[in-house]
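Asks: Those protein sequence lines, which keep their order, are chains A and B.
Mapping of the first sequence onto my numbering: position 78 corresponds to residue 78, and the numbering continues sequentially without gaps.
Mapping of the second sequence onto my numbering: position 323 corresponds to residue 323, and the numbering continues sequentially without gaps.
In short, the hints are calculated from the structure, not lab data.
Treat the hints with care, as some may be off.
Note: identical chains are not told apart, hence a pair may lie in one copy or across any two.
Only pairs whose alpha carbons sit at most 25 Å apart, straight line, appear in this in silico SDA-like list of lysine to any residue [said to hold, decoys possible]:
id, residue 1, residue 2
1, 12, 96
2, 34, 202
3, 51, 62
4, 205, 88
5, 178, 2
6, 350, 108
7, 81, 96
8, 379, 367
9, 24, 234
10, 176, 296
11, 382, 169
12, 126, 327
13, 168, 352
14, 205, 122
15, 304, 377
16, 168, 125
17, 51, 238
2 protein chains.
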Amino acid sequence: MRWSRYFLPTSKEPPKDAETVSHKLMCRAGMIDKTSSGVYTYLPAGYKVLKNVERIVRQEMDSAGAMELLMPALQPASLWKESGRLDEMGEEMIRFTDRHKRLMLFGPTHEEVITDIIRRYINSWKQLPVTLYQIQTKFRDEMRPRFGIVRAREFLMKDAYSFDRDEKGLDESYQKMKDAYVRIFERCGLDCSIQQADSGVIGGKFSEEFVAKGECPELEVGHIFKLGTKYSETMKALFVDRDGKEKPLVMGCYGIGVSRIVAAVIEGNYDKNGIVWPISVAPFSVLVVPTNMENTLIGSAAEKIYTSLVKDRIETLYDDRDLSAGVKFSDGDLIGIPLWVVIGKKFIEKGKLEIKIRREDRFVEVDTENITNWIRNYKQGK
Amino acid sequence: MRWSRYFLPTSKEPPKDAETVSHKLMCRAGMIDKTSSGVYTYLPAGYKVLKNVERIVRQEMDSAGAMELLMPALQPASLWKESGRLDEMGEEMIRFTDRHKRLMLFGPTHEEVITDIIRRYINSWKQLPVTLYQIQTKFRDEMRPRFGIVRAREFLMKDAYSFDRDEKGLDESYQKMKDAYVRIFERCGLDCSIQQADSGVIGGKFSEEFVAKGECPELEVGHIFKLGTKYSETMKALFVDRDGKEKPLVMGCYGIGVSRIVAAVIEGNYDKNGIVWPISVAPFSVLVVPTNMENTLIGSAAEKIYTSLVKDRIETLYDDRDLSAGVKFSDGDLIGIPLWVVIGKKFIEKGKLEIKIRREDRFVEVDTENITNWIRNYKQGK
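The following block holds chain A by itself, in its conformation from the complex (with noise of 0.2 Å):
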């Protein structure tokens, strides 16, 4: 991508109302654009690192043997009634009533829909167990809107759902999932710490956090829980057992705040100039950063090497701006791209390409001919 045709918005200045590191720099960054309060627009260069954090779920997801599914925003209040939880949601579930008198939801969560779906094609012991998720957007009519996406109207949740015929069953599903977790987190890039939870309004005896170490505010971005048989009792989702018994299923549901962990990532990845990614989720791997456009054999070198990165698959920005070497410096920086190509004096002087390891603020000079090994290499060995 050119970045003189990019829409890459970077600003010197955070908004007013940002109150922490990621909210700042990922609207400095030109991620996030605010549409009204707690509402936000993901940028192109926001949607990408999103969209990384999705593909590292559903790749962990799809490991544990969990199916993914999507299912609807609007939900009717009648399965909320069935569950007994439309009375307990207080005003952050946003409600309305359709054009045909009926009461309709955005469903903040999908333990009913999902119970609904299972009890009228499951029905017996043999098609157990089942994991179901979906990576789906939320509504919640948030009191006070904070922290950017952190506590948003609108955010990406994945959410997974298993059904089990025991409690065996469901400890065997629920610890797939934590461990599906830790391998999420982990790509990511994140540290977290996993705390025994209240489990809320979504109920069941048992849950756990995931909550990532990154400053303040903790920021709580996965949680599990042990269902056990709230959902299917009162909604009437049962199955035969072996032994010809008709028994409710035992549920797990389990939770990651797919947008949520962007911030966490920038969190605990910065430093005083910009974002620093992990080359996991980071919006590009490489940025190519000729110091001098003017200069002609650095521009024609950049181009031949923004070229051949992008036929190799290398996911590549390319600063072909009319500006200066200071104001590209300070704009990489902040966008936080992990690795860049520096086509300047060294070139000049050498032949040599820099690579700047923007984690470790340190230059490696390479061969022309050798950037693309290079780069896999690295990327294979974080």
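Starting from the known structure of chain A, fit chain B onto it as the hints suggest.
Replies: Frame of chain A, contents of chain B only:
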């Protein structure tokens, strides 16, 4: 994926309210499940198809130089007051008053939000042209939801917005999108006609519809608009042109019904036994069908072939269910996977595999060691 562990609830009978072939087949093939009137869950196989369509749309948008972002579904009504459209929208638009007594809505379209973003970041002709797009969930309180996901209350759309200096620029941006649309529909296996259309509440002076020619009902799958300065004038999205004068941006907008494409593909690709997926959007490329699981020769060969196809990264569904060949074949026809590897009599007698080409209802004999190559060649030819 092993069918015995996959959540793919096929059924013999379509739901009573299903009027169209696509609605009937999507329900029978375990692709979708109804939560409420006009509100559907995409079950795992259905969601795979939707994601394949998404992937094609995304690739063609990126190739055309459009940049992906993600705007919110939640929008403040104040933006719609500014554009003058708030009163034009009927009861289809879902509105609610939030906890701070502000009127909010679930955007059926995003001209206001994107214009609001662009007017704050783009102020010079040097930053133009720009085309941005998103693949995002839309909500519409349809008076009479019908035809399954075709006229639903929640659906997936791709909407793109172009910004140019003048009419000539708009014509070029418009043509690029139109060309991309032709490629998208072709790759999805749709035969579309392009018709001049009424611009409705979107506005502007010229628009064209892409209509899938799949029997009854005719399906509008895309609609592209030359908006001109309708939004940029009322919302004051201005830029300074080369001549130093301030002018309103010249806009276009471009919609594709992503979920609707899935239904349109089925309407154009089925036979009396079920769906006949084009391989580009099929939930799986290959179905492995051992005709008799009790025969250990057949069972172990099927297991081996399935494992090797997965290793070769071919999306494969393995019908490992202990059911009769007849049931497997009719389920296979229903869900419409393009290529089947049948392991049965011919394998026992001659050591040969049979590939069934679902679309042609034709069998081809292939040696076990050539199976991946044969499938790759077939896919490349499509």
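Asks: All the hints need checking, so say for each whether the structure fits it.
Replies: Structure-based check of each hint:
Proximity of residue 12 and residue 96 under a CA criterion of 25 Å is satisfied in neither setting, with 41 Å inside one chain copy and 36 Å between copies. Within a single copy, residue 34 and residue 202 get their C-alpha atoms only as close as 30 Å, which misses the 25 Å cut-off; across copies the closest is 24 Å, which meets it. Taking the closest pair of Cα atoms, residue 51 and residue 62 come within 25 Å of each other both inside a single copy (16 Å) and across two copies (15 Å). With identical chains, the CA atoms of residue 205 and residue 88 are at most 25 Å apart within one copy only, with a shortest distance of 17 Å there and 50 Å across copies.
Taking the closest pair of Cα atoms, residue 178 and residue 2 come within 25 Å of each other only across two copies (24 Å); inside a single copy the shortest separation is 40 Å, beyond that limit. For a Cα distance limit of 25 Å, the shortest separation of residue 350 from residue 108 qualifies neither inside one copy, at 59 Å, nor across copies, at 58 Å. Both within a single protomer and between protomers do residue 81 and residue 96 lie at most 25 Å apart by alpha-carbon distance, with minima of 15 Å and 21 Å respectively. For a Cα distance limit of 25 Å, the shortest separation of residue 379 from residue 367 inside one copy, 18 Å, qualifies, whereas the shortest one across copies, 39 Å, does not.
Taking identical chains as interchangeable, the C-alpha atoms of residue 24 and residue 234 are never at most 25 Å apart, the minima being 45 Å within one chain and 31 Å between chains. In this assembly of identical chains, residue 176 and residue 296 lie within 25 Å of each other by CA distance neither inside one copy nor across copies; the values are 56 Å within and 32 Å between. Proximity of residue 382 and residue 169 under a CA criterion of 25 Å is satisfied in neither setting, with 35 Å inside one chain copy and 44 Å between copies. When the C-alpha separation of residue 126 and residue 327 is checked against a cutoff of 25 Å, the pair qualifies only between copies, where the shortest distance is 18 Å, while the shortest distance within a copy is 63 Å.
In this assembly of identical chains, residue 168 and residue 352 lie within 25 Å of each other by CA distance neither inside one copy nor across copies; the values are 61 Å within and 44 Å between. Taking the shortest Cα distances, residue 205 and residue 122 sit within 25 Å of each other inside one copy (24 Å), while across copies they are farther apart (53 Å). In this assembly of identical chains, residue 304 and residue 377 lie within 25 Å of each other by CA distance solely inside one copy; the values are 21 Å within and 33 Å between copies. For a Cα distance limit of 25 Å, the shortest separation of residue 168 from residue 125 inside one copy, 14 Å, qualifies, whereas the shortest one across copies, 65 Å, does not.
With identical chains, the CA atoms of residue 51 and residue 238 are never at most 25 Å apart, being 37 Å at best within one copy and 32 Å at best between copies.
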